[in-house]
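**Q** These are the residues of each chain, in order.
Number of protein chains: 2
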Amino acid sequence: MSITLTNKIEITKATTSKINSVDFDNLSFGAVFTDHLFECDFKNGAWQTPVIKPYAPFSLDPSAKVFHYGQAIFEGMKAYKDEDDAIWLFRPDENFKRFNSSATRMAMPEVPEEIFIGGLNELLKIDAKWVQKGNGSSMYIRPFMIATGAGVVANPSDEYKFMIILSPAQAYYAGEVKVVIAEHYSRAANGGIGAAKAAGNYAGQFYPTTLANKDGFQQIIWTDDATHTKLEEAGTMNVFFRINDTLLTAPTSERILDGITRKSLLAMAEKEGIKTEVRSVLASELVEAAKNDSLKEIFGAGTAAVISPIKGFSYKDEYYEMTKPADSYAELLKEKLTSLQNKLSEDTFGWTVKVE
Amino acid sequence: MSITLTNKIEITKATTSKINSVDFDNLSFGAVFTDHLFECDFKNGAWQTPVIKPYAPFSLDPSAKVFHYGQAIFEGMKAYKDEDDAIWLFRPDENFKRFNSSATRMAMPEVPEEIFIGGLNELLKIDAKWVQKGNGSSMYIRPFMIATGAGVVANPSDEYKFMIILSPAQAYYAGEVKVVIAEHYSRAANGGIGAAKAAGNYAGQFYPTTLANKDGFQQIIWTDDATHTKLEEAGTMNVFFRINDTLLTAPTSERILDGITRKSLLAMAEKEGIKTEVRSVLASELVEAAKNDSLKEIFGAGTAAVISPIKGFSYKDEYYEMTKPADSYAELLKEKLTSLQNKLSEDTFGWTVKVE
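For the record, the sequence lines run as chains G and U.
Read in the UniProt record's numbering, the first sequence has 69 at position 69, and its numbers run on one by one without any break.
Read in the UniProt record's numbering, the second sequence has 336 at position 336, and its numbers run on one by one without any break.
Everything labelled a hint here was simulated from the structure, so no lab data went into it.
C-beta atoms are modelled at their ideal positions from N, C-alpha and C, and glycine is treated no differently.
Check each hint, because a few of them may be wrong.
Covered stretches of chain U, going by a simulated chain G footprint (3 or more residues, C-beta under 8 Å) [as the list claims (entries may be wrong)]:
#1 98–106
#2 143–153
#3 163–176
#4 179–189
#5 197–206
Beyond 10 Å from chain G on every Cβ pair, some chain U residues (computed) [what the hints assert, rightly or not]:
#6 Thr49
#7 Lys129
#8 Ser328
#9 Lys336
#10 Lys343
One side only, chain U facing chain G, incomplete, derived with CB under 8 Å [to be verified]:
#11 Leu37
#12 Pro54
#13 Pro57
#14 Ser59
#15 Pro62
#16 Ser63
#17 Val66
#18 Gly70
#19 Gln71
#20 Phe74
#21 Gly192
#22 Ile193
#23 Ala226
#24 Glu346
#25 Gly350
#26 Trp351
Work the whole structure out from these sequences, hints included.
**A** Pasting the structure below:
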């Protein structure tokens with residue numbers, strides 16, 4: 001990658017590494033972090049000198065705005081190590097652009113490319129030994145920004161902290177996922193912040209999800225909040241439906257995240273000759289398709305799981321289940337996308353970017 | 001107050017007080033904090049020993065869930081000192097109940113009354129000299145709870161921190177407020193978290209508000225997100241309209257905060273013989289009333305400002321302004337409510353509770 005920081009990063013190396021204490025075959029997602037983190041503070045209207053330092057807790061004032069007003073955004077990305085020990089990122093420019101779109105929506109300052117991409121590049125080089133290869137292993141990357149300014153008055157902060165932390169991840173298998181279509185709760189409003197990767201979008205989903213869990217469903221398919229008829233996202237992922245041989249997903253909007261896995265799968269599907277349609281899918285249409293057996297597959301799409309197949313869904317207290325087809329699009333697309341990400345197949349899209 | 005903590009609070013007093021460095025005649029709202037704070041951590045499924053200690057920054061892991069998923073709630077309350085130096089709270093039971101309703105909606109543990117009310121009581125006694133009397137002075141109280149558990153996986157935290165911080169406040173005058181009625185952006189979804197005092201509800205308002213500011217409006221009157229026709233809140237306050245001699249405000253709902261000032265003003269207005277109606281008010285109705293001069297007043301209602309009069313509003317690029325009536329309901333109700341809160345008049349409602 002060609003981004004270099006004009007402000008040289010101040011680097012403090014950890015004196016010892018935690019890596020030998022980590023069981024890379026039994027990783028819990030998002031629970032283990034590497035030896036270092038990247039940090040850059042915004043104050044007095046400017047980004048300060050970026051820092052790479054040992055991963056450790058940090059201090060904030062009790063009145064910091066992130067605690068009271070939720071000015072906080074993040075991204076989820078992955079890096080992969082190929083057979084020659086080179087490290088690759090997947091479409092990092094897309095995460096960078098989306099991060100700054102989220103920042104604008106949340107009245108936070110944009111992060112310059114040399115800090116976001118340049119900082120990530122340096123951090124991955126310093127913790128390169130933590131990036132495992134093979135068997136679906138990857139490095140989950142969490143860039144995030146929080147409002148650190150003090151004061152309990154509801155207006156935008158004048159100080160922020162941008163950080164990148166790294167968490168090694170294994171292939172992610174969510175088990176057999178049953179979902180319930182939301183008929184009361186919602187994750188986003190028209191004119192709201194649903195399209196931003198804002199912290200506040202997530203906590204609001206926890207309670208409805210725990211209610212669904214009690215009924216035996218692992219996730220919720222979110223619907224539009226006005227009519228609860230349009231299928232929008234599955235849990236924290238975009239959602240795809242296969243009806244007959246057509247792959248359907250909702251258009252992005254103010255309520256729906258512009259997922260990078262989502263748009264990559266659409267492009268990949270088209271390359272594989274699969275017919276795709278980007279349009280609203282109605283709950284009633286899904287029920288009809290399930291009843292006449294034209295509904296073949298449902299799956300979630302996101303960075304963590306890549307593709308998460310859904311076995312069945314509940315709507316208006318009726319449960320519908322699909323029989324997995326022999327020519328599963330979910331399996332085909334997951335295999336194609338992860339092979340490309342892991343540099344096991346040719347990247348004809350130009351999506352992978354080498355860390356160097 | 002009769003709440004006592006069965007787990008005795010561990011108290012560490014500040015060695016010196018900051019109070020002499022504070023100019024109580026020139027306080028910026030929410031910017032100055034007292035010498036101490038109250039803190040209680042939740043872990044292993046239980047609330048731990050509560051602590052009162054010197055106000056100071058504290059440490060969190062970079063992966064703490066509050067930073068990534070916005071599990072954070074708060075309350076806003078005030079305490080007042082009367083002529084005999086007794087300290088009084090205003091309807092603290094209402095804040096306590098609403099805090100725990102917010103907690104439930106955000107999948108956070110409820111805080112026991114002995115911690116919320118008992119802790120606040122002790123904190124106010126320790127920082128009693130910070131509570132100023134007269135001239136509209138008060139102590140703004142900010143109880144809040146954040147998810148402190150580590151790990152970047154989107155599910156509820158298993159660790160939380162509950163804190164109370166205190167900020168001395170003067171009478172709050174927002175100046176001449178002009179508002180714009182939201183036609184695109186929204187603050188809450190049906191089935192969302194608009195009724196909770198959740199951190200994530202606030203940051204989403206900042207960007208639309210900065211856009212309004214650029215057009216010369218200080219605040220936004222939020223509308224329902226589906227049709228943008230129903231008037232719901234003004235900035236971070238509930239909103240009242242006076243049409244002829246009737247005082248109108250929207251019913252509370254999943255989208256609208258159940259404001260304690262709001263419900264107190266409704267009761268106070270009824271006592272004063274003012275006709276009130278709790279029902280949806282449409283933007284078109286407001287325009288019509290402005291045109292035929294039956295619209296007499298608009299004001300926001302909340303803990304910080306108590307009542308914030310609105311001079312005029314813009315809708316569909318037309319600006320409408322009211323002439324302040326001689327018998328202003330906003331002035332009457334603010335005077336009645338603040339006198340009661342400050343113990344300058346008899347509290348016939350039983351809303352004030354002595355700290356002792």
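**Q** Of all the hints given earlier, name the ones this structure violates by number, lowest first.
**A** 12, 24, 25, 26
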